[in-house]
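> Given chain F's structure and the hints, the job is docking chain A with the ligands onto it.
Heads up: the protein sequence lines correspond to chains F and A, in order. First residue of the first sequence: 1, per the working numbering; consecutive thereafter. First residue of the second sequence: 250, per the working numbering; consecutive thereafter.
Everything labelled a hint here was simulated from the structure, so no lab data went into it. All values derive from a computational prediction rather than experimental measurement. From the three backbone atoms N, C-alpha and C, an ideal C-beta is built for every residue, glycine too. Misleading hints may appear alongside valid ones.
[What the hints assert, rightly or not] Listed next, the in silico EDC-like pairs over lysine to aspartate or glutamate satisfying Cα-Cα at most 20 Å (straight line):
hint	chain 1	residue 1	chain 2	residue 2
1	A	Lys571	F	Glu148
2	A	Lys561	F	Glu94
3	F	Lys80	A	Glu458
4	A	Lys571	A	Glu253
5	A	Lys571	F	Glu94
6	A	Lys561	A	Glu253
7	F	Lys168	F	Glu7
8	F	Lys168	F	Asp215
9	F	Lys80	F	Glu7
10	F	Lys80	A	Glu253
11	F	Lys168	F	Asp192
12	F	Lys168	F	Glu94
13	F	Lys168	F	Glu197
14	F	Lys168	F	Asp27
15	F	Lys80	F	Asp68
[To be verified] Which stretches of chain A does chain F cover? Using the computed rule of at least three CB atoms under 8 Å from a CB of chain F, they are:
hint	segment
16	442 to 456
17	460 to 466
[Stated by the list, open to error] One-sided and incomplete, this derived list gives chain F residues near chain A with beta-carbon spacing under 8 Å:
hint	residue
18	Phe86
19	Ala92
20	Glu94
21	Leu106
22	Ala108
23	Ser111
24	Ala119
25	Asp122
26	Val225
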Amino acid sequence: MTEPVLETRAITKSFGALKASDAVSLDLRPGEIHAIIGPNGAGKSTLIGQISGALVPDSGAVFLDGEDVTALPPQVRARKGLARSFQISQLAMEDSVLQNALLGALGAGGSPWRFFRPALSDRPLRERAEAALARVGLTEQAARVTAELSHGQRRLLEVAVALTMAPKVFVMDEPMAGLGTEGSAALTRLLDQLRHEAPILLVEHDMDAVFALADRISVLVYGRVIATGTVEEIRANRAVQDAYLGGET
Amino acid sequence: MSREAVINAVVVAGLVLVPLWAVWADEPFTITLATRAVVLALAAVGLNLALGLGGLVSLGHAVFFGIGGYAMGVLASHAQSYTPLMEWPVLIEGTKSMPIIWLVSIVASALVALVIGSVSLRTSGVYFIMITLAFGQMFFFFTISWAAYGGEDGLSIYVRNGFPGLNTLVPIQFYGLCLVVLLVVLVFCSALARSPFGLALNAARQAPERVQAVGLDPFRLRLVAFVISGAITGLAGALFADLARFVSPTMFSWQLSGEIMVFIIIGGVARLFGPVVGAVLFVMLEHWLGGLSDYWHVFLGLLLLGIVLFAKGGLIGVLAGKARAHD
Ligand SMILES: Nc1ncnc2c1ncn2[C@@H]1O[C@H](COP(=O)(O)OP(=O)(O)OP(=O)(O)O)[C@@H](O)[C@H]1O
Ligand SMILES: [Mg+2]
Numbered sequence: 001m002t003e004p005v006l007e008t009r010a011i012t013k014s015f016g017a018l019k020a021s022d023a024v025s026l027d028l029r030p031g032e033i034h035a036i037i038g039p040n041g042a043g044k045s046t047l048i049g050q051i052s053g054a055l056v057p058d059s060g061a062v063f064l065d066g067e068d069v070t071a072l073p074p075q076v077r078a079r080k081g082l083a084r085s086f087q088i089s090q091l092a093m094e095d096s097v098l099q100n101a102l103l104g105a106l107g108a109g110g111s112p113w114r115f116f117r118p119a120l121s122d123r124p125l126r127e128r129a130e131a132a133l134a135r136v137g138l139t140e141q142a143a144r145v146t147a148e149l150s151h152g153q154r155r156l157l158e159v160a161v162a163l164t165m166a167p168k169v170f171v172m173d174e175p176m177a178g179l180g181t182e183g184s185a186a187l188t189r190l191l192d193q194l195r196h197e198a199p200i201l202l203v204e205h206d207m208d209a210v211f212a213l214a215d216r217i218s219v220l221v222y223g224r225v226i227a228t229g230t231v232e233e234i235r236a237n238r239a240v241q242d243a244y245l246g247g248e249t
Numbered sequence: 250m251s252r253e254a255v256i257n258a259v260v261v262a263g264l265v266l267v268p269l270w271a272v273w274a275d276e277p278f279t280i281t282l283a284t285r286a287v288v289l290a291l292a293a294v295g296l297n298l299a300l301g302l303g304g305l306v307s308l309g310h311a312v313f314f315g316i317g318g319y320a321m322g323v324l325a326s327h328a329q330s331y332t333p334l335m336e337w338p339v340l341i342e343g344t345k346s347m348p349i350i351w352l353v354s355i356v357a358s359a360l361v362a363l364v365i366g367s368v369s370l371r372t373s374g375v376y377f378i379m380i381t382l383a384f385g386q387m388f389f390f391f392t393i394s395w396a397a398y399g400g401e402d403g404l405s406i407y408v409r410n411g412f413p414g415l416n417t418l419v420p421i422q423f424y425g426l427c428l429v430v431l432l433v434v435l436v437f438c439s440a441l442a443r444s445p446f447g448l449a450l451n452a453a454r455q456a457p458e459r460v461q462a463v464g465l466d467p468f469r470l471r472l473v474a475f476v477i478s479g480a481i482t483g484l485a486g487a488l489f490a491d492l493a494r495f496v497s498p499t500m501f502s503w504q505l506s507g508e509i510m511v512f513i514i515i516g517g518v519a520r521l522f523g524p525v526v527g528a529v530l531f532v533m534l535e536h537w538l539g540g541l542s543d544y545w546h547v548f549l550g551l552l553l554l555g556i557v558l559f560a561k562g563g564l565i566g567v568l569a570g571k572a573r574a575h576d
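Isolated chain F (complex conformation) (with noise of 0.2 Å):
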């Protein structure tokens, strides 16, 4: 078996009685889409917090291509190559949509301690930035204030700025919210080409989303993985149709 390119090993998180994560050990192959799914409070965004370095674990450990980060910031993480979204969108909201795609296209591959020329002359990295927001279908936005998009159009910003970093791994939390049947459909079709380039660990409640991409489905409920499997196994799982699936609307 190839080495996982992503690997949590017995990650447990509390917040004070609460136990977010719960000795979650999962990993993420090359090339697959792992998914992750459960119900609201679950503690996905916990998991995506602690292995993007944004949260601390209490005890466990984060390999990312066999070295343990579990003590690394979440800007040494990503200079590793790991790339993430966030559930609720962390942009620069007085930016341009293209100033937040050159920002992406900074950390990941310019030097940010260059005072004097724009960053907006700087062809390598506009090149980049121009070629994520085109990905995800933002071109013709590009200039706009990123306040004035839409709800999904942020997402899809979300989404080019992870690419804009040609990670060796993305993390995605959420990434269809608020998308609409068409956006899912659009982005799916992305993710699908996308984990050719980097694996994909996403936390997804589009079950349509989920059930088309992922290799494996892994089952988080109150904080701890019920079970971990292909699309049919993780259908035919009694379990997994108790605790969850059967509770979807």
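Same frame as chain F, now just chain A with the ligands:
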């Protein structure tokens, strides 16, 4: 040209023409006022970098102003008394040369900003404000007890320092020099705001988690911004001391930190010319209203209240509309 660019051009034209008129009309005091406005504007341009672009509400920027002032005071006082600053391990003598004094002011205030920033930028919000304030008070009380350089009474410099090729004793020449310094710094700040660094710093203010997620460290970005910001305000302190030919602990006072911030709020936070417009207006009000009533600060307070409540973008915001993303 955008409306804001037109306004900026008008302000520059005013800063060039009014003092020239004052020379023609033989109104030297107007030139002194204009110099004061330009130097205070420079101090605020420094703070605006941290406050506007970086979102760092520093209530201790008078520290850098004071350090620039004392760098000038110490160097010039040794030069005028013909005593070296120190003899061992290396001989360091005083100087009356502005370029050297400026360099020392910039380096000293940048170093102090590095230290203050390293401590204060690990906190945020009210804690950050309080720590910057505390550092300011430390310097204030230190200089009060620093008997070698005048203590509470401050330090007088009898003759204004020199600049190669100029006679700085002629008010309009010194004014011109200060204005050129201000304009050069404004050009630098304008470039910086659009540079990769400016982009990242600006994003770190709006969405720090995003900045981290793309691999950049908001703390370092802010620290560098704080250092550059402190260095600019330090340079302004050196010029201010040369204008007054006097330095005293009040240069470190928190009231001064507050005033510098008031200029920015009046003129427009994060707007390139916001601090310039604010400082000019402040100096004008101080002169006219201060002459009419001892309670002119009340009027200033009302103006400030009006701006904070009704015109968040300051005067530049009122006149030029909302800032546009650079595209
Ligand atoms: N910083 C925090 N402090 C206290 N409790 C928290 C914190 N963050 C999350 N929680 C709690 O931890 C649990 C898991 O939250 P999390 O956001 O990870 O869930 P989720 O699976 O992402 O849910 P959703 O589907 O709504 O996004 C929830 O009960 C939440 O209230
Ligand atoms: Mg969540």
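> If a hint holds in the structure, say so; if it does not, say that too.
Here is how each hint holds up against the structure:
A distance of roughly 14 Å separates the Cα atoms of lysine 571 (chain A) and glutamate 148 (chain F); the hinted pair therefore holds under the 20 Å criterion. For the hint linking lysine 561 (chain A) to glutamate 94 (chain F), the alpha-carbon distance of about 15 Å falls within 20 Å, and the restraint holds. With a C-alpha separation of about 17 Å, the suggested pairing of lysine 80 (chain F) with glutamate 458 (chain A) holds against the 20 Å cut-off. Restraint check for lysine 571 (chain A) and glutamate 253 (chain A): the C-alpha separation of about 9 Å stays at or below 20 Å, so the hint holds.
Taken as a hint, the lysine 571 (chain A) and glutamate 94 (chain F) pair is honoured in the structure, with Cα atoms around 10 Å apart against an allowance of 20 Å. Of the pairs offered as hints, the one joining lysine 561 (chain A) and glutamate 253 (chain A) holds, with about 16 Å between alpha carbons and a cut-off of 20 Å not exceeded. Distance restraint check for lysine 168 (chain F) and glutamate 7 (chain F): the Cα-Cα separation of roughly 13 Å lies within the 20 Å cut-off, and the hinted pair is therefore satisfied. With a CA separation close to 18 Å, the supplied pair lysine 168 (chain F) and aspartate 215 (chain F) stays within the 20 Å bound.
Distance restraint check for lysine 80 (chain F) and glutamate 7 (chain F): the Cα-Cα separation of roughly 14 Å lies within the 20 Å cut-off, and the hinted pair is therefore satisfied. As the CA atoms of lysine 80 (chain F) and glutamate 253 (chain A) are separated by approximately 42 Å, the hinted pair breaks the 20 Å bound. For the hint pairing lysine 168 (chain F) with aspartate 192 (chain F), the CA-to-CA distance comes to about 16 Å; that is within 20 Å, so the pair holds. Taking the CA atoms of lysine 168 (chain F) and glutamate 94 (chain F), the gap is about 29 Å. The hint is violated against a cut of 20 Å.
Using a Cα cut-off of 20 Å, the hinted pair lysine 168 (chain F) and glutamate 197 (chain F) holds, with the two alpha carbons roughly 8 Å apart. A hinted pair counts as satisfied when its Cα atoms are at most 20 Å apart, and lysine 168 (chain F) with aspartate 27 (chain F) qualifies at roughly 14 Å. The straight-line distance between the Cα atoms of lysine 80 (chain F) and aspartate 68 (chain F) is roughly 12 Å, inside the 20 Å bound, and the hint therefore holds. Three residues within the 8 Å Cβ limit are the bar, and the segment 442 to 456 of chain A against chain F gives 11, so the coverage statement holds.
Given as covered by chain F, the segment 460 to 466 of chain A passes the check, having 7 residues with a CB less than 8 Å from a CB of that chain where 3 are the minimum. Taking 8 Å as the C-beta cut-off, the interface hint given for phenylalanine 86 (chain F) holds, the closest approach to chain A being about 7 Å. The restraint placing alanine 92 (chain F) at the interface with chain A holds, with a minimum CB-CB distance near 4 Å, inside the 8 Å limit. Proximity of glutamate 94 (chain F) to chain A holds as hinted, the smallest CB-CB distance being about 6 Å (cut-off 8 Å).
Residue-level restraint check for leucine 106 (chain F) holds (minimum Cβ-Cβ distance to chain A is 5 Å; threshold 8 Å). This hint holds: alanine 108 (chain F) has a C-beta 6 Å from the nearest C-beta of chain A, less than the 8 Å allowed. Taken as an interface hint, serine 111 (chain F) checks out: its beta carbon lies about 7 Å from the nearest beta carbon of chain A, inside 8 Å. Annotation: interface hint on alanine 119 (chain F) holds; nearest CB of chain A at approximately 5 Å, less than 8 Å.
Because the closest C-beta pair between aspartate 122 (chain F) and chain A is about 7 Å apart, less than 8 Å, the hint holds. The closest approach between the C-beta of valine 225 (chain F) and any C-beta of chain A is roughly 24 Å, which is over the 8 Å cut-off, so the hint fails.
In this structure, the hints that do not hold are numbers 10, 12 and 26, in rising order.
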